[in-house]
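**Student:** When you get a sec, could you build the whole thing from the sequences and use the hints?
4 protein chains.
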Amino acid sequence: MSSTNKLKILNDPIYGFITIPNELIFDLVEHPYFQRLRRISQLGLTYLVYPGAYHTRFHHALGAMHLMGKAVRTLRSKGHKITQAEEEAVLIAILLHDIGHGPFSHVLENSIVSGISHEKLSLEYMKVLNQEFDGQLDLTIEIFQNLYPKKFLHQLISSQLDMDRLDYLRRDSFYTGVSEGQVNTERLISMLNVADDQIVVDAKGIYSVEKFIVARRLMYWQVYLHKTVLSAEFLLIKILQRAKEVYSGDMAMPKVLSPFLSDEIPVDYSDLLPLYAKLDDYDVMAALKEWTQHEDRVLQLLCEKLLHRKLLGIRVNDAAASREEMERIRQKTAEVYQLNQDEVNYLVFEEIISNNAYSSQQDKINLLYRNGTTQDIAQAADQLNISALAKPVVKHFMFFPKESVQ
Amino acid sequence: MSSTNKLKILNDPIYGFITIPNELIFDLVEHPYFQRLRRISQLGLTYLVYPGAYHTRFHHALGAMHLMGKAVRTLRSKGHKITQAEEEAVLIAILLHDIGHGPFSHVLENSIVSGISHEKLSLEYMKVLNQEFDGQLDLTIEIFQNLYPKKFLHQLISSQLDMDRLDYLRRDSFYTGVSEGQVNTERLISMLNVADDQIVVDAKGIYSVEKFIVARRLMYWQVYLHKTVLSAEFLLIKILQRAKEVYSGDMAMPKVLSPFLSDEIPVDYSDLLPLYAKLDDYDVMAALKEWTQHEDRVLQLLCEKLLHRKLLGIRVNDAAASREEMERIRQKTAEVYQLNQDEVNYLVFEEIISNNAYSSQQDKINLLYRNGTTQDIAQAADQLNISALAKPVVKHFMFFPKESVQ
Amino acid sequence: MSSTNKLKILNDPIYGFITIPNELIFDLVEHPYFQRLRRISQLGLTYLVYPGAYHTRFHHALGAMHLMGKAVRTLRSKGHKITQAEEEAVLIAILLHDIGHGPFSHVLENSIVSGISHEKLSLEYMKVLNQEFDGQLDLTIEIFQNLYPKKFLHQLISSQLDMDRLDYLRRDSFYTGVSEGQVNTERLISMLNVADDQIVVDAKGIYSVEKFIVARRLMYWQVYLHKTVLSAEFLLIKILQRAKEVYSGDMAMPKVLSPFLSDEIPVDYSDLLPLYAKLDDYDVMAALKEWTQHEDRVLQLLCEKLLHRKLLGIRVNDAAASREEMERIRQKTAEVYQLNQDEVNYLVFEEIISNNAYSSQQDKINLLYRNGTTQDIAQAADQLNISALAKPVVKHFMFFPKESVQ
Amino acid sequence: MSSTNKLKILNDPIYGFITIPNELIFDLVEHPYFQRLRRISQLGLTYLVYPGAYHTRFHHALGAMHLMGKAVRTLRSKGHKITQAEEEAVLIAILLHDIGHGPFSHVLENSIVSGISHEKLSLEYMKVLNQEFDGQLDLTIEIFQNLYPKKFLHQLISSQLDMDRLDYLRRDSFYTGVSEGQVNTERLISMLNVADDQIVVDAKGIYSVEKFIVARRLMYWQVYLHKTVLSAEFLLIKILQRAKEVYSGDMAMPKVLSPFLSDEIPVDYSDLLPLYAKLDDYDVMAALKEWTQHEDRVLQLLCEKLLHRKLLGIRVNDAAASREEMERIRQKTAEVYQLNQDEVNYLVFEEIISNNAYSSQQDKINLLYRNGTTQDIAQAADQLNISALAKPVVKHFMFFPKESVQ
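Protein chains in written order, with our numbering: chain Z, 1 to 406; chain A, 1 to 406; chain Y, 1 to 406; chain U, 1 to 406.
Read the hints as simulated data drawn from the structure, not as lab findings. Values in this document were obtained by computation on a predicted structure and should not be read as measured data. There could be a bad hint or two in this list.
As the list makes no split between identical chains, a pair holds if one copy fits it or if it spans any two.
[As the list claims (entries may be wrong)] Restricting the straight-line Cα-Cα distance to at most 25 Å, the calculated cross-link-like pairs of lysine to aspartate or glutamate (DMTMM-like) are:
| hint | residue 1 | residue 2 |
| --- | --- | --- |
| 1 | K78 | D202 |
| 2 | K305 | D342 |
| 3 | K120 | D296 |
| 4 | K204 | E30 |
| 5 | K305 | D197 |
| 6 | K227 | D12 |
**Tutor:** What follows is the structure in structure tokens.
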């Protein structure tokens, strides 16, 4: 086949090169479902704060697959058996782990297809692809669902040290230019090991893991939960909610978006998936641009604000705003923009954001000592700071038009 | 003003930070005309080959301004007088030098607004902004048009060693991951100087300039003129040409794109500019996605191919293909796709690409020796290779459906 | 003067270029006392573990001066007045802060000139240079001794966020390749500020400081206190102690080293400084090579071990080894090497190492909030981990010949 | 053996990690002959110009071995058979290719052991080690001498694209900070191939090879043949020549250096090698420091100049200096320093330096096209500049005390 000669090696500014290891994976990458990820940005609207952050789910998925290859080689070199079939399965599982993501990554999940997580959709797409590829993804799906006996393989795909995180932290740090978030993926992977069918880290890697956890925490507060990023993303969520509310058949927008705003979203996956697979960032942004001319005051206003980067103001607090303050700002907003109380909800609202850099509850990161024992890193000597980081940090974000607080 | 507290410093993965130097420039950056550049990719469809290449004109313009600040500081430190007003003017000129770029950068120029260059449009936008900002861009425009007495200031904006090139080569190399194209901008700028009102390079920088020219040549053949990139870009050009040909009022597409496909493009700039300012990559891509359902066979086919990355095949030769071969491929294409001769033109065509890495004709790069004399780098001793690089390389690219040559 | 044309710009793999800002500083750099630092390695014998770590005090001093220039520009841009004379003084102070370092940096202090710290010697050298340069270092010395009214200037030279640390952490991380220790010096400096005549950090820099503290902790345990590095350094200390003990006038060694091993070290600085200024790493290493042929069993053995990298074994514990275990190992060593009890002390010994990544006691790092208040970073909300890091970690290192524990 | 647990992975600032692949190689690395390379700087006195350039032959040898591992994996993945034994042999050959280097790399060859090249010495050391290791280096030696049937294996060790060059160009560029010399070793290696038992480069790598050749040319003129570097190195050569001339038994110097300055250098390798293996940079530098007190005016003067970096002035010309000018400078020097005509030769001399960045004569770099044909890169279309670079550049360097031309 001629296809086997093309595109075997891709340039990656981070790892240098990413090699497509075999023909099945090549064909999956070529599939329109996967190519769509070229049009799904990894960090949504983060580029409004970090102008370099336009990288896509496509690139991240390939990067995570590249790291998976390294992880497999490392574990084998330490004597852990991973068959050829298992290797292919984990490579495909990580490649496809995000294939269910919608436009602007997490925005749709939080607005118009609110009942369905991207993980669930990713699994459904894997099943469809499995049919197309004659069952070659059976093992992939088993591992992805954590139904396969060798549990450590699933942990490479989903855990506190999985290849997903290792790639996205490094990649997001690289493209945003927030160099404090940089993670030495190569070193971390070189210290992975397996004990009791669990992924663990060789004890000498203790400081590298510590650095990883701190870098992750930093990326959360400086990028993923950056207040201006949140302001842009919630604005987009409100836009889609409002569009759904005022939806009519003749509303200007790309045809593929229409079913998701009407009440006609198919309940059956076999109907939903082909429709959903046509959606990408371009449709949402094109709709938003059309709606800057929409007759609904609220929708038009929200779209204008996002398009020209006139975002809502934000206040961050340890506790919720007082009812009085909230009411005062709502009142002012109603006056300034001539809106009723329902409409004000789109411009003034509060969100609670919680994050802990490390969790000892689920999938804790265990260190493996030379004597064969393992220990949660947060319990290891000298790691008081890690247990400190395991406590969740909770913040209250209040959003409002800047004009309403002057 | 509250605006002065926001967005003074931007993260840049390449330079670390870019500082917005003053309020006028801050307000220009905030202007919707400039914010639009966030939605114009720097390298068009290059991301289909180099999956990291999603960076935008917005980022490039800021990067070039950052380098301009460095260049001004360097020249001043070597005793060349540049007033505060001149500094602001060159900073603004380089910031706005690309503001006239349309969707996918060069594609529109080569299809639907074919009579108008982006440089001309940039100038017109500067004039409009000058009015809005009460004449504060007078000096910018004078320098941009090379009407200002100190000619070297214009050369910082437009010449073989201008800040535009220094930023885009470095940035494009960074985001594509083609590290051979990397240019040490910091070192090159540190060796800039002025002699006889011309930008020159201190003689000790001879090897750095040589490296710069070779890196530029490399970026041309590995990125800008990469055969698969060209295949994608010509496909997009053909799509827009075909869309124009089959245009009808009820054709699905974003409203802002419509006037450019009908015959209603305004001839008067005061009418054209506001329309053009609403266009960006999202409109073109959204239209293309709609047209995958269009009734015109050719348009539908071209859009399908681009969306799912089933690009045209390419042959690169030193001479044009023979008339016979061309005819044979056209014939085969007509059969395979059931097209008439006119329609085949959209799928089979030839383009001539010419490039020389260095030109001794215009704006040659002069070295400044300690004794005060200057010399074209291509004439300098030991630089036989530079004069070799000044000869243009001409290649013939033939494009065709892959099925037509099997 | 011809000297002004030379060496104004130095290449630095880390910062790109380091510019020598003026003629006085150029002449100080050219002075033999400063040139000597080219022959004093920054990290002593660390290269036996990290083979890239050959960088010198010379390079570090220039790097720290480079950062000082950035810090001064940052503080001025935030409205803090620093005069031309003050700028020159802090640049010189940081340039010369390590000029009193002896061979292999800290080794001599801990062996043959044990009563005298390198800080004290640096000050004495500054005084001598001040005489040579006609009092031009008056202000430098005042600031270095913290006798100058503007206290924040001294903190740029010596505090938990001084330019010394910022350079050495970054530089040591770079040359060892321990990338987890990398510090974003540019960002940290950009967030420095002054409040109440103290260096503080803008509150938005909270995560950058956190990352800095974690990186520092990591460098301590992975580099500065790496057990194999300590094994090599203590071996060298033991060598010099033994050489002093068995010293005789006809012992083979470079002439300049001789006075420091005899009992003839001058007590008067005016006599000591010229002698000390002739000593560098080459003398110590050349002596060590000679002593691999020395007749004293112990000295010869220690030198052999270090030269051929047959280092002592190490055990790291939270508590001291038991008296019995110590005695058993000493006994075994005495047998294997046929040594008496005094001699065994050179091969079997214990050292206590203590380190805390952050100290809230002295020179704490204060954050500056927008409302003008300041707060110790360890007290700031969400920073439980920093206060955890302020607790000292104490470890007991036991050293012994590997043959003695088999 | 306990040794197998130590030092299996080394940090490298360039490649991240270097893994020691097996026990034989580990034992070779541990051998005192190889450990000596820790004390032989890669770039001699280049650090007097580029203060970061202290890296050693030890690190380079390991780096080249690391690249060799990559090259072997690449060639195997393209279907070329390389046995386990052959792989080990080429790894060892490149590891040991510089083991015969003397202090300051090339200086000794050009002064006191002038008849013997380091390549010849490397071979002799391999033979000695082969005996020690019971013939395990047989195949290594066969390949090193190019006596093994598979010729392409030798080319990986010695040719215009060998692993030696790939590592040293990258490493020297990294440590000097001359970023223009940076070479993308990973990409170059990924495009290596074998045709007709010769190492070739896949045709698509044409621009990468071009960049490599230009980078190499740049490193020559900016680093290896930098005029100040040459001034320092020739000064050291003159010092050793003079020391040999005025040699006496009681001259102060490390004992191991003495035989090389007397006329007692053994002619037999079995006697020479153990002596030579004790020599390193520290001995030469320690001797030089002693001789700043030597009674011979010329020797003392040369040593002073080098130690305090008061180097000779240099003039670079396309032709030799005129006899008159030379005589005038010699005369002036004789007066200033009160020297006779013979003595003046140590301070005033001329050297001819020739370099060509690429050679089509020997081991040319061939491109491999898809149709299986190969072609010298200098002959390939568009590569006029490469053939230009194949012409040697010849320069005349005149050295003299700066005082003699004022």
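**Student:** Now tell me, hint by hint, if it's right for this structure.
**Tutor:** Going down the list of hints, with the structure as the test:
{"no.": "1", "hint": "K78 / D202", "result": "within (11 Å within a copy, 34 Å between copies)"}
{"no.": "2", "hint": "K305 / D342", "result": "within (19 Å within a copy, 46 Å between copies)"}
{"no.": "3", "hint": "K120 / D296", "result": "neither (34 Å within a copy, 37 Å between copies)"}
{"no.": "4", "hint": "K204 / E30", "result": "between (41 Å within a copy, 23 Å between copies)"}
{"no.": "5", "hint": "K305 / D197", "result": "neither (51 Å within a copy, 42 Å between copies)"}
{"no.": "6", "hint": "K227 / D12", "result": "between (30 Å within a copy, 19 Å between copies)"}
Checked against the numbered hints above, the structure breaks hints 3 and 5 and satisfies the rest.
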